[in-house]
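Chemist: As a plain string of letters, each chain reads:
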Amino acid sequence: MKRREFIKKATLTSAGAMIAPYILPSGRLFAPTGTQIAPHVVLVMYAGGIRNQETVDQLYLSQSQHTWNPTPSLNVTGNIMPNLLSGAAPSSKVVYGVGTSGNTPISPILSTPIQSQGVLFKEVNAIAAGHYGGSIALLQGNTNLAQPLLERPKTPTIFEFLRKHGGYKATDTWFIGNSLTNSVPLYNHSGHEDYGAKYGANMFIPGVTFGNQGDQFLKDAKIYHPQNELSPMYKMKYFLDNSYESLTSNNILDTVGNTEAEKQQIKNFMKTMFQKKQAGTVIRPPQGGNDASTVGYALEVMKEFKPAVTVIKIDGPDVCHSNFTGYLRAIHAADHAIGYMWNYIQTQIPDMANETIFIATPDCGRNLNPNPILDNENNFRAFDHSDANTRRVFTLMAGKSIGNEPDKATGPLSSTSPLNTDAAITVGHILGIEQEMLNSGFLHSQSQSLIRKL
Amino acid sequence: MKKKHTYLVLFSLCLVSFQCKKENLEDMVFEINEVKLYPSASSKLKEKTESQWIAVVYTNLFQQALSAGDIYKAGQCITSIGDKELAREVIISNFMNSTSPLPAIPTDTDMRADIDKFINDTYERFLIRRPTEGEKQYFRNEINNNPTRSAEIIYFSFALSNEYLFY
Numbered sequence: 003m004k005r006r007e008f009i010k011k012a013t014l015t016s017a018g019a020m021i022a023p024y025i026l027p028s029g030r031l032f033a034p035t036g037t038q039i040a041p042h043v044v045l046v047m048y049a050g051g052i053r054n055q056e057t058v059d060q061l062y063l064s065q066s067q068h069t070w071n072p073t074p075s076l077n078v079t080g081n082i083m084p085n086l087l088s089g090a091a092p093s094s095k096v097v098y099g100v101g102t103s104g105n106t107p108i109s110p111i112l113s114t115p116i117q118s119q120g121v122l123f124k125e126v127n128a129i130a131a132g133h134y135g136g137s138i139a140l141l142q143g144n145t146n147l148a149q150p151l152l153e154r155p156k157t158p159t160i161f162e163f164l165r166k167h168g169g170y171k172a173t174d175t176w177f178i179g180n181s182l183t184n185s186v187p188l189y190n191h192s193g194h195e196d197y198g199a200k201y202g203a204n205m206f207i208p209g210v211t212f213g214n215q216g217d218q219f220l221k222d223a224k225i226y227h228p229q230n231e232l233s234p235m236y237k238m239k240y241f242l243d244n245s246y247e248s249l250t251s252n253n254i255l256d257t258v259g260n261t262e263a264e265k266q267q268i269k270n271f272m273k274t275m276f277q278k279k280q281a282g283t284v285i286r287p288p289q290g291g292n293d294a295s296t297v298g299y300a301l302e303v304m305k306e307f308k309p310a311v312t313v314i315k316i317d318g319p320d321v322c323h324s325n326f327t328g329y330l331r332a333i334h335a336a337d338h339a340i341g342y343m344w345n346y347i348q349t350q351i352p353d354m355a356n357e358t359i360f361i362a363t364p365d366c367g368r369n370l371n372p373n374p375i376l377d378n379e380n381n382f383r384a385f386d387h388s389d390a391n392t393r394r395v396f397t398l399m400a401g402k403s404i405g406n407e408p409d410k411a412t413g414p415l416s417s418t419s420p421l422n423t424d425a426a427i428t429v430g431h432i433l434g435i436e437q438e439m440l441n442s443g444f445l446h447s448q449s450q451s452l453i454r455k456l
Numbered sequence: 002m003k004k005k006h007t008y009l010v011l012f013s014l015c016l017v018s019f020q021c022k023k024e025n026l027e028d029m030v031f032e033i034n035e036v037k038l039y040p041s042a043s044s045k046l047k048e049k050t051e052s053q054w055i056a057v058v059y060t061n062l063f064q065q066a067l068s069a070g071d072i073y074k075a076g077q078c079i080t081s082i083g084d085k086e087l088a089r090e091v092i093i094s095n096f097m098n099s100t101s102p103l104p105a106i107p108t109d110t111d112m113r114a115d116i117d118k119f120i121n122d123t124y125e126r127f128l129i130r131r132p133t134e135g136e137k138q139y140f141r142n143e144i145n146n147n148p149t150r151s152a153e154i155i156y157f158s159f160a161l162s163n164e165y166l167f168y
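Chains C and V, in that order, give the protein sequences. 3 is the number of the first residue of the first sequence in this note's numbering; add one for each residue after it. 2 is the number of the first residue of the second sequence in this note's numbering; add one for each residue after it.
Next comes chain C alone, as it looks inside the complex (with noise of 0.2 Å):
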């Protein structure tokens, strides 16, 4: 052996040998720092904009409505979010429920309110105006000025941060989203270099996977034998993709990094939810449209993975924008959706049963002052999102190891609020990375775990 070539080779061995023990069976270099809190974390997008007015605040009509026309029977407060909040229920004008004219509330799911399991913080400062912006600075723990629409957010997200220094798998970490519009198939995963795909989410847009479009272009897959047909085809492709990469000075593209029997699982799953569908079985909150339909969704992902975190973005209420009796029926909706998930996860997912912590909150409040739609059915005036009212949401928290204290951060908005981007550094916490995520410079400077604030 060349002398050259024996120091190379001796460095070579020497490099192993002092990292081999720090490569982790993820493929993770270093182990997290910090202990979990619970091992499963639900966080709800519930969003689409809505005003702490009409939800926390509990004023119903008065503040959006009577405030703009002074007739008496506008003058009505009230909870309307009884699965979530604590309070009585408006005593009139009742709009929000459903049947004729809306006037049947949907009776409660859980007996006891999250309020009153958990925490609310009922004055929490939302960093961004808009959706694309607020929805990802909930995941990012930050928000970037230069960030556009339909491109993928700037710095890394809690899924990636949990993949890749919590050694968390792919099908941990799953995105639920509502529709493919306002960016929302961006979700699962940054496009910053040291992060990206590769540590990326699972996603399904299941109006979309399990719609129409998945019936005639999925539902179908051929189901190949693991070892006798995907393993040889899998086999082929590595080396044709070994070949480009050889021949190409091009940057192949990362993907979500299930391993194989990942994906065989997926593929699995989808198949069951096609059956199921079929079969009307789908798991679904009994009243709702599409964000109820959203959770269900989640619920047979969670039935099925057990993921660390679920991420649920819910939209209905936006379409405040020109309909206010919509977005009131709306938050309503989401309200039952979320209270027969909570209930739906504490009696029938055994493995995340008083082991999950649960997050909600908005990606951005809306107006103070309304814009000049009425809508059809009760003239009422409709609100869009851009002043500083905007910046009034709240967070709700509750589960495995969080006490109760229903009447966190009140008081008006401050400086000292919590930031709605505390929820992303929130799950790094409850999972085991809190330190990393704050080591790595891309959160907020004042984001803060919750958890640290109670």
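None of these hints come from the bench; they were simulated from the model. Just so you know, nobody snuck in bad clues.
Taking lysine to aspartate or glutamate pairs in the DMTMM-like style, the calculated list, with each CA pair at most 25 Å apart, reads:
#1 C:K279 to V:D71
#2 C:K273 to V:E153
#3 C:K305 to C:D222
#4 V:K85 to C:E153
#5 C:K269 to V:E153
#6 V:K47 to C:E247
#7 C:K224 to V:D111
#8 V:K137 to C:E231
#9 V:K85 to C:E264
#10 V:K47 to C:E195
#11 C:K224 to V:D71
#12 V:K47 to C:E153
#13 C:K224 to V:E153
#14 C:K239 to V:E143
#15 C:K455 to C:D59
#16 V:K74 to C:D256
#17 C:K237 to V:E143
#18 C:K278 to C:E306
#19 C:K237 to V:D109
#20 C:K221 to V:E51
#21 C:K221 to V:E153
#22 C:K237 to V:E51
#23 C:K237 to V:D122
#24 C:K239 to V:E136
#25 C:K171 to C:D243
#26 C:K237 to V:E125
Since the structure of chain C is already known, use the hints to place chain V on it.
Modeler: What follows is chain V alone, placed relative to chain C:
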């Protein structure tokens, strides 16, 4: 006399037209073999969009085009799934299961009757290039050493390959 002139002019015109016959390139003989040119893998640098990939894979598998509306819907399916490679895999599996139209895949008998031709044809069909000798040898071994290796599974691997994502 006038008639004689007319014949002379016509005769001259015939001569001129014969002499000025345009030469086609094909008529020229360079004494070299005609060679069909293919792009190389290294020149494929642009990523196909989801719609482009759908359109091309459908055409390659079924030898017919998919409607614009269906291309859009199939593209939405890919967008709706986080793991894009898995989404493509499921779509290919769905195409392979189609009964109307049937995917145009050679029978295993045809494939094994002339393995080199099958390999060349598959590379040209999916990757628009000829295989290198190494690639050809790899697939020869795959087919010869594995009696159950089907043309369908080989097509699947090509349709799912990274090179197929670029043009």
